[in-house]
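Engineer: Spelled out from the first residue to the last, the chains are:
There are 2 protein chains.
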Amino acid sequence: MNSTSAPEPAQPTERIPAAERREQILAAASRVFGERGYSGATTDQVARVAGISQPYVVRMFGTKENLFLEVLARALDRLVTSFRQIIQEPREAGPAATELLASRLGAAYVDLIEDRGILLSLMQAFISGHNPVIGAKARAGFLEIYRMLRDEAGFPPDTIREFLADGMLFNTLLAIRLPDIFHEDPAAAELMRCTFRGKLDVVLDATAAESTDADAAPAPPAAGHVDAAKDDK
Amino acid sequence: MNSTSAPEPAQPTERIPAAERREQILAAASRVFGERGYSGATTDQVARVAGISQPYVVRMFGTKENLFLEVLARALDRLVTSFRQIIQEPREAGPAATELLASRLGAAYVDLIEDRGILLSLMQAFISGHNPVIGAKARAGFLEIYRMLRDEAGFPPDTIREFLADGMLFNTLLAIRLPDIFHEDPAAAELMRCTFRGKLDVVLDATAAESTDADAAPAPPAAGHVDAAKDDK
DNA sequence: GTCTATATAGGGATAGAC
DNA sequence: GTCTATCCCTATATAGAC
Numbered sequence: 001m002n003s004t005s006a007p008e009p010a011q012p013t014e015r016i017p018a019a020e021r022r023e024q025i026l027a028a029a030s031r032v033f034g035e036r037g038y039s040g041a042t043t044d045q046v047a048r049v050a051g052i053s054q055p056y057v058v059r060m061f062g063t064k065e066n067l068f069l070e071v072l073a074r075a076l077d078r079l080v081t082s083f084r085q086i087i088q089e090p091r092e093a094g095p096a097a098t099e100l101l102a103s104r105l106g107a108a109y110v111d112l113i114e115d116r117g118i119l120l121s122l123m124q125a126f127i128s129g130h131n132p133v134i135g136a137k138a139r140a141g142f143l144e145i146y147r148m149l150r151d152e153a154g155f156p157p158d159t160i161r162e163f164l165a166d167g168m169l170f171n172t173l174l175a176i177r178l179p180d181i182f183h184e185d186p187a188a189a190e191l192m193r194c195t196f197r198g199k200l201d202v203v204l205d206a207t208a209a210e211s212t213d214a215d216a217a218p219a220p221p222a223a224g225h226v227d228a229a230k231d232d233k
Numbered sequence: 001m002n003s004t005s006a007p008e009p010a011q012p013t014e015r016i017p018a019a020e021r022r023e024q025i026l027a028a029a030s031r032v033f034g035e036r037g038y039s040g041a042t043t044d045q046v047a048r049v050a051g052i053s054q055p056y057v058v059r060m061f062g063t064k065e066n067l068f069l070e071v072l073a074r075a076l077d078r079l080v081t082s083f084r085q086i087i088q089e090p091r092e093a094g095p096a097a098t099e100l101l102a103s104r105l106g107a108a109y110v111d112l113i114e115d116r117g118i119l120l121s122l123m124q125a126f127i128s129g130h131n132p133v134i135g136a137k138a139r140a141g142f143l144e145i146y147r148m149l150r151d152e153a154g155f156p157p158d159t160i161r162e163f164l165a166d167g168m169l170f171n172t173l174l175a176i177r178l179p180d181i182f183h184e185d186p187a188a189a190e191l192m193r194c195t196f197r198g199k200l201d202v203v204l205d206a207t208a209a210e211s212t213d214a215d216a217a218p219a220p221p222a223a224g225h226v227d228a229a230k231d232d233k
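Line order of the protein sequences matches chains U and G. Heads up: the first sequence at position 150 corresponds to 150 in full-length UniProt numbering, and the numbers run straight through without jumps. Heads up: the second sequence at position 221 corresponds to 221 in full-length UniProt numbering, and the numbers run straight through without jumps.
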């Protein structure tokens with residue numbers, strides 16, 4: 001309380017290579033943007049989750065919009081990479097081949113969006129059609145997936161439509177956190193069973209381990225405790 | 001420039017009953033929240049679209065969150081009402097009855113979300129699972145629809161799933177403004193045709209008439225012009 | 001590579017006049 | 001019923017030290 005001065009230099013953050021720090025920030029930003037939305041998230045929250053100072057975040061990415069764009073690109077990239085890899089795996093021919101591939105891709109998709117950062121960054125982008133920059137990226141990304149399914153996976157249009165529709169339902173159910181009330185509401189359980197089928201357990205498991213803590217203290221050194229615990233609104 | 005004083009009382013807005021004004025504000029808020037998101041929207045933008053002053057908006061709804069909640073409730077209400085009405089219409093029995101009803105409900109849904117305010121208010125709510133108040137409303141609303149389809153429409157689980165999945169795909173394609181590039185991108189056209197089918201024309205038509213103008217001048221009296229035209233970022 | 005300090009703007013909400 | 005004025009907090013971004 002009355003120490004002569006020394007404004008607590010806040011743990012002199014470890015000095016690590018920029019590239020690595022970049023990754024940390026992107027990971028943190030993905031989670032924070034996911035929880036609070038593009039406008040709702042603050043660079044300060046991102047900084048806290050990443051364990052560094054707010055100005056450093058801005059320093060590294062120039063602007064908040066820029067940061068979001070990188071987060072979005074990263075999410076799309078993971079999605080595309082994951083899909084392409086599965087498509088290129090050797091697969092048996094036969095009538096059920098398409099169906100089997102679709103189900104593999106679906107499973108991979110669920111695994112991906114288990115990461116709320118990825119899920120919600122994508123959804124954030126979807127509802128930003130109004131924003132010229134973000135909106136354009138969202139459209140381009142969506143169509144890239146469409147073309148991949150058509151040209152690389154060889155899906156017929158209706159299969160693509162069904163696949164995408166299922167994906168959007170996955171998105172929504174996870175976004176509204178239906179798994180949270182799986183045990184309280186029978187209707188929720190029914191809908192989830194019928195939607196996620198074999199993947200139900202994965203979805204339910206992931207429900208436990210989470211919480212972003214964009215508020216509260218800085219993160220990195222497993223410090224004892226800090227005063228903080230500011231807003232949460 | 002050098003008028004003695006008189007800070008331009010800004011058209012002395014017409015004095016109308018509170019209930020009516022309420023509706024105006026809700027309509028305006030629906031559009032603004034839809035375009036900018038919950039956090040991205042400002043009460044001032046809502047006020048401008050409604051043609052009144054910012055403090056009055058706050059006055060009437062207490063807080064911004066409250067205003068959003070009312071917008072959301074209004075959207076859900078319209079949805080529920082519209083569906084219920086269709087379900088209760090007399091319908092022929094027979095094997096194709098379920099399918100026919102589903103297609104009618106689907107068409108009604110597209111009509112509803114043609115209103116970007118409604119569409120995006122719903123989607124905003126979906127991605128606010130994190131917010132205890134809004135998130136809870138979103139879950140409750142979604143499950144209400146589910147139960148209605150199950151208990152009132154008598155749909156089997158898989159039909160419900162497909163129906164909801166299609167709906168979520170509608171949402172997404174409209175949210176990212178795919179109709180905007182219908183003529184520029186063949187893949188976009190393909191996907192939209194196959195998704196919206198008979199409703200394609202409706203979706204494409206509505207694409208023209210829009211733009212919120214939350215920025216720029218006040219609205220109501222067809223005034224000559226005003227300076228304004230502020231941000232737009 | 002990372003921080004502290006701070007300029008500066010924006011936005012929600014309140015007070016009180018008309 | 002509606003506005004003007006305005007308080008005050010929050011958030012992005014910049015400057016510059018270490």
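Careful, some of the hints might be misleading.
[As the list claims (entries may be wrong)] EDC-like cross-link-like pairs, simulated, lysine to aspartate or glutamate; straight-line CA separation at most 16 Å:
(1) G:LYS137 / U:ASP180
(2) U:LYS137 / G:ASP180
(3) U:LYS137 / G:GLU162
(4) U:LYS137 / U:ASP77
(5) G:LYS199 / G:ASP77
[To be verified] Label-pair restraints from in silico Cβ distances:
(6) G:GLU184 / U:PRO186: 31 to 39 Å
(7) G:ARG197 / U:ILE16: 17 to 25 Å
(8) G:ALA73 / U:ALA187: 18 to 26 Å
(9) U:VAL133 / G:ARG197: 26 to 34 Å
(10) U:HIS183 / G:GLU89: 30 to 38 Å
(11) U:GLY198 / G:ILE86: 30 to 38 Å
[As the list claims (entries may be wrong)] One-sided and incomplete, this derived list gives chain U residues near chain G with beta-carbon spacing under 7 Å:
(12) ILE16
(13) GLU35
(14) GLY37
(15) LEU120
(16) PRO132
(17) VAL133
(18) LYS137
(19) ALA140
(20) LEU143
(21) MET148
(22) ASP166
(23) ARG177
(24) CYS194
(25) GLY198
What the hints contain is simulated information worked out from the structure, not anything from laboratory work. All values derive from a computational prediction rather than experimental measurement. Backbone N, C-alpha and C define an ideal beta-carbon position, used for all residues, glycine too.
Engineer: Against this structure, judge whether each hint is valid.
Structural biologist: Consistency of the hints with the structure:
no.	hint	result
1	G:LYS137 / U:ASP180	holds, 14 Å
2	U:LYS137 / G:ASP180	holds, 14 Å
3	U:LYS137 / G:GLU162	violated, 28 Å
4	U:LYS137 / U:ASP77	holds, 12 Å
5	G:LYS199 / G:ASP77	violated, 23 Å
6	G:GLU184 / U:PRO186: 31 to 39 Å	violated, 47 Å
7	G:ARG197 / U:ILE16: 17 to 25 Å	violated, 54 Å
8	G:ALA73 / U:ALA187: 18 to 26 Å	holds, 20 Å
9	U:VAL133 / G:ARG197: 26 to 34 Å	holds, 32 Å
10	U:HIS183 / G:GLU89: 30 to 38 Å	holds, 37 Å
11	U:GLY198 / G:ILE86: 30 to 38 Å	holds, 34 Å
12	ILE16	violated, 30 Å
13	GLU35	holds, 5 Å
14	GLY37	holds, 6 Å
15	LEU120	holds, 6 Å
16	PRO132	violated, 10 Å
17	VAL133	violated, 11 Å
18	LYS137	violated, 10 Å
19	ALA140	violated, 9 Å
20	LEU143	holds, 5 Å
21	MET148	violated, 10 Å
22	ASP166	holds, 5 Å
23	ARG177	holds, 4 Å
24	CYS194	holds, 5 Å
25	GLY198	violated, 14 Å
When held up to the earlier numbered hints, the structure conflicts with 3, 5, 6, 7, 12, 16, 17, 18, 19, 21 and 25 and fits the remainder.
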